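Trainee: Starting from the structure of chain G, add chain D where the hints point.
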Amino acid sequence: MADKRMTLDDFVGELSSGMTIGIGGWGSRRKPMAAVRAILRSDLTDLTVVSYGGPDVGLLCAAGKVAKAVYGFVTLDSIPTDPHFKAARQSGAIEAMEVDEGMFYLGLLAASQRIPFLPTRSGLGSDVMAVNPSLRTVRSPYDDGEELVAMPALRLDAAVVHVNRADAAGSGQILGPDPFFDELFLGAADRRFVTTERVVATEQLAAEGPIQTLCISRLLTDGVIETPGGAHFTACVPDYGRDEGFQKEYVAAAGDPDAWAAFQERFLAVDEDGYQAATREAADERAAAKAAKEGK
Amino acid sequence: MTDTVTTEETAAGVTRAEYCAIACADVFRGDGEVMASAFGTAPALGARLARLTFAPDLVLTDGDAALVAGAPALGARPDSLVLESHMPYRRVFDVVWSGRRNLIMMASQIDRTGNQNISAIGPWAQPKAQLVGVRGAPGNTVNHSTSYWVPNHSTRSFVEQVDVVSGVGYERAAAAGPSATKFHEIRFVVSNLGVFDFQTPDHVMRLVSVHPGVTIDDVVAATGFALVLPDEVPDTREPTAEELDLLRTVLDPRGMRDREVKA
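Sequences listed follow chains G and D, in order. Throughout the first sequence, residue numbering follows the numbering used here, covering 1 to 296 in sequence. Throughout the second sequence, residue numbering follows the numbering used here, covering 1 to 263 in sequence.
The following block holds chain G by itself, in its conformation from the complex (with noise of 0.2 angstroms):
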């Protein structure tokens, strides 16, 4: 088996400005935030993400990275909205496709079976139509003579998702509740990138999880880099919970230019390794301001 083992900076260098790229997790939760981080690192412009959205869409606006964000929301689960993304598209910063979240999925699965779209009831009625005046409609060929709408295939440049554990050759486990739609992003792209708490031997997977949770194959993947915390700061159980604390700091260094300005010295203009141990250190003064604050 190949060994598909890669640095976060082999990661950036497969992408190119202009690209389309497919992000995984939902929301706050499993978001391949190491990835996001590299590619904020990076002199990559002018991207199409698509995203169940949370702070990887934010981050990315933030940095001037996105030229068009594909969605159907972005949320940050704890807090209902992202200050950047919610600032790139009050000032027109970028261009958008917002769709129902059930449109995004079959958008994602006609990608991944290569056809040209897959039919859907949702969306008709909406303002979906409107906005996004591309979007048509499909008449049933049956006596039904349904319409319905014709959802395209959201065909991706690059795909990356972030799983707990993964072997070399590119098998991936999710051991929390959800695997999302992480399996059709990486359907739906041409370069296919998983990001890992852990790289494990094959045969320690299946002591890992049972079978269900071994829910990448390694026909879906080219690339596998390990990036313990590398979801941080959302949630990736049972490895950790969302980092509450910080995503509190983001959202409100994000209302005020110059804590932008220090947020992103601190935890942004450095390394991955660099940011572990920023947040770390971050963690522990949150920690002794409360137990000040408690008189303790």
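Calculated directly from the structure, the hints in this document are not laboratory data.
Within a straight-line C-alpha distance of at most 27 angstroms, the following computed BS3-like cross-link-like pairs (lysine-lysine) qualify:
1) G:68 - D:128
2) G:248 - D:128
3) D:128 - G:86
4) G:248 - G:293
Only a predicted model underlies this, so the values are computations on that prediction, with no experimental measurement involved.
Mentor: Chain D alone, transformed into the frame defined by chain G:
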């Protein structure tokens, strides 16, 4: 929601939030084995209350990736839940598209013909305020019964026409044709002031009941369009003693409901 309110019952000190929870429970009345999805505190309580009383076959979710047995209290510890099935997001769409679901969503804006907006305020191309996005609202509304919960009824939330149609109302569904109307139903709108439906000849919003302590004039003043006002508008029904006890001691002992809706 036609029960007469007696002075005695009102004196029991039922809070506004409890009337809201009761009204949300009634959204699920008559439902059999369907997945109840509920956003917001009053809807979450309503679905649980319905499950424990008049809609025992309802299927509740844990808010993550599972269906749960029984009706856990709000904020119950995850390890205390009895899981009965795996329901990751991809499977949720199977349920949505099968129609075996009844949903209460929230609405930043809702209008006269039942359109809902959670996408953006102002023009979509460059909004004044980008909200979360349309999420599943377009698909939900044309696939299964949908109701709305608006905890802050005002002329800003009840508007003549929403800025971005996320959830599809009656007029828009009709204009889109039979595929859009086939499974479309906006059952109720519950706000902190009253209960509304679309059971009028042209499917425009009608006032069904006002929560005790609210007048029809209060509702009219807080609504940015002409509501259909029946000759008789009853108060929202009183909870039964059993319902009140379930709400207060079993489902929400910490009183989260009163933080969502004051008074």
